[in-house]
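Join the two chains, each given in its own frame, into one complex according to the hints.
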Amino acid sequence: MANQTLEEYVDDLLDERGLSLVDEAVLVELRADLLSRIQERLHAEMVALLNDDAREELEDLLDIGTAPHAIRDWLAQHVSNFSDVYVQTLADFRTSYLK
Amino acid sequence: MVFFANREQTFSHGNDVSGETSFSRLEQYAKSRRGADTDDAARAAQAMYKRRHNEMLHLVGEDWRIAGTVPGDDGHSVILESGATYKTLPALDVMRMESAASALSGGEHLPNDPEVVSLGVKRKHRVPLDGHAVSRSVERIDRGYDRRIEGLMDGESTERGRFRVEHLLAKLNALRIF
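As you go down the protein sequences, you meet chains B and H in turn.
Basically this note's numbering = 1-based index in the first sequence + 81.
Counting from 1, position 147 in the second sequence corresponds to residue 128 in this note's numbering; the numbering is continuous, with no gaps.
Possibly wrong hints are sitting among the right ones.
[Stated by the list, open to error] List of simulated lysine to any residue pairs, SDA-like, C-alpha gap at most 20 Å:
{"#": "1", "chain 1": "H", "residue 1": "K152", "chain 2": "B", "residue 2": "E137"}
{"#": "2", "chain 1": "H", "residue 1": "K152", "chain 2": "B", "residue 2": "W155"}
{"#": "3", "chain 1": "B", "residue 1": "K180", "chain 2": "H", "residue 2": "R121"}
{"#": "4", "chain 1": "H", "residue 1": "K152", "chain 2": "B", "residue 2": "K180"}
{"#": "5", "chain 1": "B", "residue 1": "K180", "chain 2": "B", "residue 2": "E105"}
{"#": "6", "chain 1": "H", "residue 1": "K152", "chain 2": "B", "residue 2": "H150"}
None of these hints come from the bench; they were simulated from the model.
Chain H extracted, bound-state conformation (with noise of 0.2 Å):
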């Protein structure tokens, strides 16, 4: 809802938000957020824009998905699939990715944007599923997961600490251990 809010003047700047560069930027800001190396860096954002491109699956609806990206004259759209309906997403800012799909699926705060008022009204006649509580339970694992990481952090009583805790979470979370 504010990334619709803010739509103007968000591409008034000119944003490219390609997957590539948004993942360019992404590794810039966790290069810059955690003072790790290129490698770490990469890993970072690889995460970071893996875990924002699945929310957005779960926060649009289950039977839509992500086919892609295409440049635009307001930047780059985001073409979401469903079946053989194809729904278009304007100029989306993958950071914002989120915001934006809450507004999608939270059915209430529908911004007025005819596309995306078409693409909610139509989730909710052809998605026989609850998008939108699915949605709930994904923000409340993360909800946990963020706290938890913030005790974890708490209990760093240095900022060294809290980057090797954090240094060491990123290589467990590279690896598939359990």
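This is chain B alone, in the form it adopts within the complex (with noise of 0.2 Å):
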């Protein structure tokens, strides 16, 4: 799982919920919800674990712009268990998805 990109984790989840062989236009609709939901999820998760200190350095590299791979650099240096964090977070949403 760790390894897999997200995208990779929301094709496995919508095969394994019978879905990947719908029409290819409602396919990469439902694929983009997934992801979409997936990434606030991992968002939600992340924030609940900074304290204001952190949340305030992070807002203040949102607000000057950094690149997206540097933030998430920084929610992995900063949150703690951050594999376990994510790792987690998905075969959370997984059980969600699938029960």
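Structure, rendered in structure tokens:
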């Protein structure tokens, strides 16, 4: 899971849900929609684990237009157990989606 | 279901439900709720509109797509497309899409509207997927997300703190970080 891209992860979810054979245009929308929801959930989980100072620093980084990959690196450094949180969030998401 | 029960009342107020107008209304709503500047409000409104749109696609069923909206005597209609088949949902307000689509996908609660009943029945025959179950999946995800956000907000003791968390999340969500 940790080595998968989020796109691959979403494709696996849709496949397991039996949705990988729907019309391509619909699949594109479903994929984008799930991808967006996973990312929003990841953001919420990460922000929840940051203290006030870290949140302020993150907001400053966002305000000056820091590149997304640099924001990700920053989160990896500042969120305790970043990898565990990331993997657990995806696992919980999968459980909710496939239940 | 609530939407259809109050349909006449809803449109007697002359709601303009075109996507553009609804977007503008959402922007105003977001602005008033968040007290944010115009750009933030626009981003929030865009996210809300997009989410409503996608929710409807999930709820109605995966082989139906929203082809567009057209003006009508009682407001704008949403045109649903599936292959070469088109159906019209009369005068849907974007903010009510979810409840209308829930009524559509719920089966046992189909509203007493020939056009809509027709779509609901047709969907059961055409769609090899369990659209209702899929919509429940998304609902579960969104409920979990909402609980998480509520938890985050509850952790803030001041309105300013809640506003800052909300702002921070909006900025993160506007990017593709992961």
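Compare the distance between the alpha carbons of K152 (chain H) and H150 (chain B) with 20 Å, and conclude whether the hinted pair is satisfied. Given pair K152 (chain H), H150 (chain B) holds - Cα atoms ~14 Å apart, limit 20 Å.
Given the hint that K180 (chain B) pairs with E105 (chain B), test it: the Cα-Cα distance must not exceed 20 Å. 25 Å, violated
Under the criterion that the straight-line Cα-Cα distance not exceed 20 Å, is the pair K180 (chain B), R121 (chain H) satisfied? 9 Å, holds
Measure nothing beyond the straight line between the CA atoms of K152 (chain H) and W155 (chain B); if it is 20 Å or shorter, mark the hint as holding. The hint holds at about 15 Å.
For the pair we were handed, K152 (chain H) and E137 (chain B), check the Cα-Cα distance against 20 Å. This hinted pair holds, its Cα atoms lying about 13 Å apart.
Decide if the proposed pair is consistent with the structure: K152 (chain H) and K180 (chain B), CA atoms, cutoff 20 Å inclusive. 31 Å, violated
Hints 4 and 5, counting from the list given before, are not met by this structure.
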